[in-house]
Amino acid sequence: MKAVITVLGHDRIGIIASVTGVLAEEGINILDISQTIMQNIFTMIMLVDLSKMKSGFSKLGDKLEKVGAQLGVEIRLQREEIFNSMHRI
Amino acid sequence: MYSRSEIIETINMIRHENLDIRTITMGISLRDCACESVERATQKIYDKICRYADRLVQTGEDIERDFGIPIINKRISVTPIALVAESSDATDYTPFARAMDRAAANVGVNLIGGFSAMVHKGYTKGDRMLIDSIPEALAVTDRVCSSVNVATTKAGINMDAVMDMGRVIKDCAERTKDRGAFGCAKLVVFANAPEDNPFMAGAFHGIGEPECVINVGVSGAGVVSGAVKSLGDADLGLLAETIKKTAFKITRMGQLVAQEASARLNVPFGIVDLSLAPTPAIGDSVARILEAMGLERCGAHGTTAALALLNDAVKKGGVMASSQVGGLSGAFIPVSEDAGMIEAVNTGALCLEKLEAMTCVCSVGLDMIAIPGDTPASIIAAIIADEIAIGVVNHKTTAVRIIPAPGKKEGDILEFGGLFGSAPVMPVNSFSAEMFIKRGGRIPAPLQSLKN
Chain A
1 MKAVITVLGH DRIGIIASVT GVLAEEGINI LDISQTIMQN IFTMIMLVDL
51 SKMKSGFSKL GDKLEKVGAQ LGVEIRLQRE EIFNSMHRI
Chain B
90 MYSRSEIIET INMIRHENLD IRTITMGISL RDCACESVER ATQKIYDKIC
140 RYADRLVQTG EDIERDFGIP IINKRISVTP IALVAESSDA TDYTPFARAM
190 DRAAANVGVN LIGGFSAMVH KGYTKGDRML IDSIPEALAV TDRVCSSVNV
240 ATTKAGINMD AVMDMGRVIK DCAERTKDRG AFGCAKLVVF ANAPEDNPFM
290 AGAFHGIGEP ECVINVGVSG AGVVSGAVKS LGDADLGLLA ETIKKTAFKI
340 TRMGQLVAQE ASARLNVPFG IVDLSLAPTP AIGDSVARIL EAMGLERCGA
390 HGTTAALALL NDAVKKGGVM ASSQVGGLSG AFIPVSEDAG MIEAVNTGAL
440 CLEKLEAMTC VCSVGLDMIA IPGDTPASII AAIIADEIAI GVVNHKTTAV
490 RIIPAPGKKE GDILEFGGLF GSAPVMPVNS FSAEMFIKRG GRIPAPLQSL
540 KN
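Residue numbers (the numbering used here), protein chains in the order written: chain A, 1 to 89; chain B, 90 to 541.
This is chain A alone, in the form it adopts within the complex:
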């Protein structure tokens, strides 16, 4: 199963380190990563592979949410099908 992680918020040092730290702990492989500043908002998008994930999807979501709260950014974890179905016929 693949998922998309998005991080939106104010730029600061250590966002990528914190998020990827959680992913490494959870045994999650990053397939694609990009980062940019869009309309003054820090935007990071990752495509990740969850097939070797240690704990469950909702636990991972909780962990990322916690990290997001600490960093003051919004982190979302969504299964990739939603983007496929919305943007591809």
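Some hints here could point you the wrong way.
[What the hints assert, rightly or not] A short, non-exhaustive set of chain A residues, derived as facing chain B with CB atoms under 7 Å: (1) 51; (2) 54; (3) 83; (4) 85.
Hints are computed from structural coordinates only; laboratory data are not their basis.
From the three backbone atoms N, C-alpha and C, an ideal C-beta is built for every residue, glycine too.
Fit chain B to the known structure of chain A by using the hints.
Only chain B this time, still in chain A's reference frame:
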């Protein structure tokens, strides 16, 4: 692979434009619960609903979590209770509503639809008892919704039922006057009622439906509004095209959720209903879409044309996006649930007659409209008759959900709170139609029904 901008587009729809799955509605047949003993019948109903819908709410929440898309409501629709209760020895069907209410509370859904009767050509014994039980049933339950189909294009209009519903609505208001006549917000009078509509208060599980089914209602008024605004002064062809594409994307998401829910619950997928269903939340308004199209206020001349374009484009986008489109699919124009509509009424731009005209080109009817509490039953029946005639002649669903606000006059505000919002009390033409309504009988089916 999708692009970064596509990902951001989806997330913006959810974050800023109130994109959501409005409802996952499980339709459950109760036909096998008919039984001579009321106690046994109501027990069977309670047990069956609890058994089938046991995992509905949890599954909805799981899907919400996995896809990061809000799923606002999980609901249940059941076989029209008149059909189920008719075999029993009951003379009052309130116990059936109570059983539905208890079951809904037990499985954690906020509304359950199907305290309903289909009387477009006439009453059976059960239909009569159900309609007589509506005011009590809606007064003593919290979650039960009721609907009565009084006409179809094929059968014409049952004017006896129209007259009765005028009285029932008045009774409902009276019985729930301490709660702002909330009973009336849970009661819909239909023409050509769809059997697979997932939206409350008019949802019921029609007689052609399978044992159990999952129907999904998607909204997206805010998203369409955003898309229209982004176009600036583009011509109407481009506007329609953009709305269509937006509706396509929204419906695709609904289709995904519907299939996922269907697979996880092991229940067949029924339909996706793509309706622009506004909520009182800022930005989630159909009126604002019409205003973004270039009207100073919703209700101005031009509103019907703008709504016609909107409704049609939404359907065209939705049809290709889902394998099965059904329900109402179009734009809803409930007054109390739409901040733009409320403002339009308050500024004098929108009146009842204009709303009636708008229902000729959109998916439902006169919805969540508060009128003065002293409006006589015969005038309410006449309002229903007009609206129902529009549906019958135009081969479409129309409905009336109207609230005679107890003790309130034109210009007062009726507060419901939550998804039901608040309704400004609208003036009603007070000239009498009593003689016409009292005639009773049936208005024959129109010529366009004779297609065989």
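Here is what the structure says about each hint:
Residue-level restraint check for residue 51/A is violated (minimum Cβ-Cβ distance to chain B is 15 Å; threshold 7 Å). This hint is violated: residue 54/A has a C-beta 18 Å from the nearest C-beta of chain B, more than the 7 Å allowed. Because the smallest distance between the Cβ of residue 83/A and any Cβ of chain B comes to about 5 Å, under 7 Å, the interface hint for this residue holds. The interface hint given for residue 85/A is met, as the beta carbon of that residue sits about 4 Å from the closest beta carbon of chain B, less than 7 Å.
Of the numbered hints given earlier, the model fails hints 1 and 2; all others are met.
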